[in-house]
Amino acid sequence: MRGERLVKLGAIAGGAALVVVLGFTMTDYHQYQGGIVAYYLIAILGLNILTGYTGQISLGNGAFMAVGGYTTAILCGHHGWPELATIPVAAAVAGAAGFLFGIPALRLAGPYLALATFAIAVAVPSLAKRFDHFTGGSSGITLPIHTGHYLYWASWICAGIGYVVAWLVLRGRTGRAFRAVRDSEVAAVSSGVNLASYKTLAFGISAAYAGVAGALLAIGAAYTNPDTFPVTLSLYLLIGAVVGGLGSLWGVIFGALFIEYLPIYAQKTYFGFAFSKQAPSVVYGLVLILIMLVAPTGIVGLARRLRRSI
Amino acid sequence: MGKRIYALAAALGVALAVLVGVSAGAGGTPGVTSKLISIGGTFPLSGPASSYGTIPQAESAYFSYFNSLKQPGGKRGVYGRQIQFTYLDDGYNPAQTVQLTRQLVEQSKVFAIFNSLGTEPDEAIRAYLNQAKIPQALVATGASEWGTLAKKYPWTIGYQPTYVSEAYAYGQFIVKKVPQAKIGVLYQNDSYGKDYIAGLKKGLGSKQNQIVDMEGYEVTAADVGSQIAKLKASGANTLCIFATPKFSIQAFAIAAKLGWNPIVFNNSVSATPTLMTIATGASTPATTNGTITATYLKDPTDARWANDAGMKLYRKIMAAYYPKGNVNDQFNVYGMSAAWTMVKALEAAGPNPTRASLMAALRSMNYSDNPFLLPGIKVQTSASNPFPIQQQQLTRWTDGKFVNFGPLIKG
Numbered sequence: 001m002r003g004e005r006l007v008k009l010g011a012i013a014g015g016a017a018l019v020v021v022l023g024f025t026m027t028d029y030h031q032y033q034g035g036i037v038a039y040y041l042i043a044i045l046g047l048n049i050l051t052g053y054t055g056q057i058s059l060g061n062g063a064f065m066a067v068g069g070y071t072t073a074i075l076c077g078h079h080g081w082p083e084l085a086t087i088p089v090a091a092a093v094a095g096a097a098g099f100l101f102g103i104p105a106l107r108l109a110g111p112y113l114a115l116a117t118f119a120i121a122v123a124v125p126s127l128a129k130r131f132d133h134f135t136g137g138s139s140g141i142t143l144p145i146h147t148g149h150y151l152y153w154a155s156w157i158c159a160g161i162g163y164v165v166a167w168l169v170l171r172g173r174t175g176r177a178f179r180a181v182r183d184s185e186v187a188a189v190s191s192g193v194n195l196a197s198y199k200t201l202a203f204g205i206s207a208a209y210a211g212v213a214g215a216l217l218a219i220g221a222a223y224t225n226p227d228t229f230p231v232t233l234s235l236y237l238l239i240g241a242v243v244g245g246l247g248s249l250w251g252v253i254f255g256a257l258f259i260e261y262l263p264i265y266a267q268k269t270y271f272g273f274a275f276s277k278q279a280p281s282v283v284y285g286l287v288l289i290l291i292m293l294v295a296p297t298g299i300v301g302l303a304r305r306l307r308r309s310i
Numbered sequence: 001m002g003k004r005i006y007a008l009a010a011a012l013g014v015a016l017a018v019l020v021g022v023s024a025g026a027g028g029t030p031g032v033t034s035k036l037i038s039i040g041g042t043f044p045l046s047g048p049a050s051s052y053g054t055i056p057q058a059e060s061a062y063f064s065y066f067n068s069l070k071q072p073g074g075k076r077g078v079y080g081r082q083i084q085f086t087y088l089d090d091g092y093n094p095a096q097t098v099q100l101t102r103q104l105v106e107q108s109k110v111f112a113i114f115n116s117l118g119t120e121p122d123e124a125i126r127a128y129l130n131q132a133k134i135p136q137a138l139v140a141t142g143a144s145e146w147g148t149l150a151k152k153y154p155w156t157i158g159y160q161p162t163y164v165s166e167a168y169a170y171g172q173f174i175v176k177k178v179p180q181a182k183i184g185v186l187y188q189n190d191s192y193g194k195d196y197i198a199g200l201k202k203g204l205g206s207k208q209n210q211i212v213d214m215e216g217y218e219v220t221a222a223d224v225g226s227q228i229a230k231l232k233a234s235g236a237n238t239l240c241i242f243a244t245p246k247f248s249i250q251a252f253a254i255a256a257k258l259g260w261n262p263i264v265f266n267n268s269v270s271a272t273p274t275l276m277t278i279a280t281g282a283s284t285p286a287t288t289n290g291t292i293t294a295t296y297l298k299d300p301t302d303a304r305w306a307n308d309a310g311m312k313l314y315r316k317i318m319a320a321y322y323p324k325g326n327v328n329d330q331f332n333v334y335g336m337s338a339a340w341t342m343v344k345a346l347e348a349a350g351p352n353p354t355r356a357s358l359m360a361a362l363r364s365m366n367y368s369d370n371p372f373l374l375p376g377i378k379v380q381t382s383a384s385n386p387f388p389i390q391q392q393q394l395t396r397w398t399d400g401k402f403v404n405f406g407p408l409i410k411g
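From first to last, the protein sequence lines stand for chains A and B.
One point on numbering: in my numbering, the residue at position 255 of the first sequence is 255, and numbering is uninterrupted.
One point on numbering: in my numbering, the residue at position 40 of the second sequence is 40, and numbering is uninterrupted.
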């Protein structure tokens, strides 16, 4: 047991060291991509807390990313705030939005919750276009441009903080309550877990993480408009969470790498053979189906099974 | 046992780090070698705007054709350099456009960005490219800001006639030929719709008061039924549709239902032959017959160009290099016209091109022989004129086909 803990600590230290080393050696463009991986990681962490640990499905975390992203864009672009200072505000605003959404969502479960969260994913870009006085409408808001290096460090530091917070939340009472809600609501209630509090809390936390990710997306792209947070973003986050492995913090990095690099590699030409440019969407779908059939617990689940069988 | 897997993972991680850490270094102008000029662009190849996805493929076909030609001096390409065109799918998501453009610039090290498509995607990368002094050449959008902001963003230049100049042509025509017009306007409530209104008012000049009603709608609206009803009730006998395809088709359908038969000006974005055919099906032939729009490209379905040298070249290139493409799709003609212009600019940038010399070439164009544009239409820029194409010809939807008429109008 102790040995395993040491190995886990070693892996975490190794991972952190790798992130630091890459932050000084990679090209600026690769650091830009690395920053994107980091903020996808933050969003998937939040989604994992909600879906993997609390059992509440969400097809709408992209909408909470939009809330965070627009908060940052409006504060920076319209009011001249320094970018990094807006990140906690984005987290708070998105978290509040998530918490408020969680209240009516208490009545919903399974496919109905999925539909409701999907609805907000669809509605948010339209709302952003509607309230164009506030959000700049289709023309969007521009922010100051930064290097890939800047995005990399901002995102990975936030990701590190996010990981620590998630670990602390999940290992304590709150985490146990979340798991109880996921495993059996009836048993949870009879153990004295307040379903309403913990479900809305899970939504709030998940949305806060998404808000940070959205803020970093806005900073990285130096531009926000309704099309930067499309419906597909919410779906890709869920796919990333599933691929990585729901209910495990280890798999989140794989999910983030997957959703960042798949569209890029699916568009390339290999030995003269080029996938269709439509390939990424098809491949996402195929991968999701494959994972559900072969490894429903994601990459992490697969790794666990391999370890046991070796 | 578990330790081995972690050790393996660590080793893989380090190997990966080493691989990605290696960066390519090269002196000289990025994207230019003795054998190649590398250009790149982002386009919506997937997603709701993917019908534009045929454009970069047509452009790629043109570049392949050009690369195969023997130039005077015996070499192929631009001063012996083959044009390498990389196009990537941004799905019309500006955040993706930013990422992919950075990839093209920093990883693929392209010489210039060519014909990136979409007003917002291009807005998203404009500051970055101008800061890095990289040409954002011949952007594929009709917004007027690409010209009006030329001083602020000198590395960015548009290509096609702006929405403003298109509506200006409509206004001028109304003043001359429909003097008793009472004009109703349906417009999308964003910069695209407002650009059109600005052009219309400019074209009408002192007759602006002939606009009796303007009804706007949000992109998120379900339909434009109430707007069309209000426009009919205002007594307008002329309707200007400054709406994207879905709403434009709805406008025709609802006008037919209300028994309203105004003279219609439909914006070019929504008035391709394909879209007009759909609109006719959704309403009635009587409603769409006589609709006027503006055009600057040769129509591949127009029998007039059956023996035209330019269109013969177009069909030859499509057959040889893009056989999967739809020869009748005017977007392909658009693509080739832009590619033709880019080749000319690259040639004019000189035998030792730099990004600055390419930009200078783009700002001093004077081509009247683009084989894919209507005869007489020039591609012309200068220090005081940042709009490459300003002329259009009006064309009328007559019995299921477009028939051009009248002179070229300069917006």
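These are calculated hints, taken from the structure and not from any lab test.
Here the structure is a predicted model, which is why all the values come from computation and not from measurement.
We treat Cβ as the ideally placed atom computed from N, Cα and C, and that holds for glycine.
Don't take each hint at face value.
As the list claims (entries may be wrong) - Once the Cα atoms are required to be at most 25 Å apart in a straight line, the calculated DSS-like pairs of lysine-lysine come out as:
| # | chain 1 | residue 1 | chain 2 | residue 2 |
| --- | --- | --- | --- | --- |
| 1 | A | 129 | B | 401 |
| 2 | B | 410 | A | 129 |
| 3 | B | 401 | B | 312 |
| 4 | B | 246 | B | 344 |
Said to hold, decoys possible - Derived DEER-like restraints, expressed as beta-carbon distance ranges:
| # | chain 1 | residue 1 | chain 2 | residue 2 | range |
| --- | --- | --- | --- | --- | --- |
| 5 | B | 277 | A | 112 | 57 to 65 Å |
| 6 | A | 282 | B | 226 | 37 to 45 Å |
| 7 | A | 282 | B | 109 | 26 to 34 Å |
| 8 | B | 410 | A | 287 | 50 to 58 Å |
| 9 | B | 229 | A | 167 | 56 to 64 Å |
| 10 | A | 167 | B | 350 | 37 to 45 Å |
**Study point:** Earlier hints that do not hold, by number
**Key:** 1, 2, 4, 5 and 10
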